[in-house]
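2 protein chains.
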Amino acid sequence: MRSKNMRLNRQIEDVAQLRQEARQAISFDAAFRARLRDLVLWRRDVRRFRRDPLPDGMLESLLELACLAPSVGLSQPWRFVVVEDSARRSAVRENFRLCNAEALAAQPAHRAALYARLKLAGLDEAPVHFAVFADRTTTRGHDLGRRTMPEMIDYSAVTAVHTIWLAARAQGIGLGWISILDPTAMTAILTVPPAWKFIGYFCLGYPAAEDTIPELEQMGWEERSAPPSMVVRR
Amino acid sequence: MRSKNMRLNRQIEDVAQLRQEARQAISFDAAFRARLRDLVLWRRDVRRFRRDPLPDGMLESLLELACLAPSVGLSQPWRFVVVEDSARRSAVRENFRLCNAEALAAQPAHRAALYARLKLAGLDEAPVHFAVFADRTTTRGHDLGRRTMPEMIDYSAVTAVHTIWLAARAQGIGLGWISILDPTAMTAILTVPPAWKFIGYFCLGYPAAEDTIPELEQMGWEERSAPPSMVVRR
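Read top to bottom, the protein sequences are chains A and B. Just so you know, the first sequence maps onto residues 0 to 233 in numbering that gives the first Met the number 0. Just so you know, the second sequence maps onto residues 0 to 233 in numbering that gives the first Met the number 0.
So here's chain A without its partners, still in its complex pose (with noise of 0.2 angstroms):
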């Protein structure tokens, strides 16, 4: 009896390592590491988009991976919003006209004409347009991990919009977050419920062109430092 259960055990053990190794089969190459870090240099915040639709079923997909993205405690609290009426994507538009001649008349004198210039959203072109909301609410994940911080809940929604960031660069599609907007307006806009937390608002689409400077930089706006002037030791 003894022995049969050693028995028994040894062969689950041999299957868990079996299934331990069939998993740690996975590993990624050079070649995969090298094409990942274009992937990063090449992702851009795209305000120009051409106007041709994108393949049917590449949205859902590209949500799809984008609920793999991390999330506290497992929560999984992204919501996202495809917005598809006129009506609303036309109040979008005008909210985003008002904050953007707001921010412009906040503008120091000598930064005004630049500001000016900048294309900041590419809400008439883009043909997809989704919102992105966190739910603070939600009862998944048990609050585990946000006790002390509940905006790890909004956090878990932004890196489902990175997913989607890098998924679509991936594809030659490109993604727009706009944030002039208005978060209360965008709930009633949106008619979704008042206790979402508004991540951001945005555009995808194939973009008119492709590059690794950051149009901000390209216009003067800011320039990228370099990386060691943002670590600091302890």
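Bear in mind the hints are in silico, worked out from the structure with no lab data behind them. A virtual CB, placed ideally from N, CA and C, is assigned to each residue, including glycine. One or more of the hints may lead you astray.
As the list claims (entries may be wrong) - Partner residues aside, some chain B positions facing chain A, computed with beta carbon under 8 angstroms:
1) D44
2) L53
3) M57
4) S224
Starting from the known structure of chain A, arrange chain B on it as the hints suggest.
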């Protein structure tokens, strides 16, 4: 003179065209996209680390890539605090123990035993520790895109973290995000400016095991839900 100008203009256009074509040359194929999907599938929040150190320069190379993450107005607000001092590491561990004990005490009776069994941080074993903060006071980016949403600064730092997460996994290295900490205590322990917002504390190292199933799901804490439940159309 006119024809000379026209010729010059044509040359300039040719150069712009060539430059554009060179830049458009980058594209990613189906094989890369499949591996990118694998990367997202195999990324985990790691809490069980081997003690082996990372190769020299690995952390720096990950941080450098992180600095190519998107940031609102090109503000680059991420601040990386690499924690090497053993007294500071001990203080972080102590704060985690305190916050985790409080979280355990706050669990409903029927989930407390399960919570107590979870391993929620790899602070004892992971060779590399770092914290990430977001500098909301930075003048970089000249406030573009954060007038109505100042939290965009924090979200930018989150995309930098997520970049590290994916790039590390592509090297076979695991990252664990610890949020069961008191942000005010972190600012004090790591002596950083009080205006820096604490985003998270991170362990980095080789994982003891690899899996496509989150440990929280394996342990029965939470399960993943189907993506369609997180998408609405408007």
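Hints, verified against the model:
no. : hint : in the structure
1   : D44  : holds, 6 angstroms
2   : L53  : violated, 15 angstroms
3   : M57  : violated, 12 angstroms
4   : S224 : holds, 6 angstroms
In summary, the structure is inconsistent with hints 2, 3 from the numbered list given earlier, while agreeing with the others.
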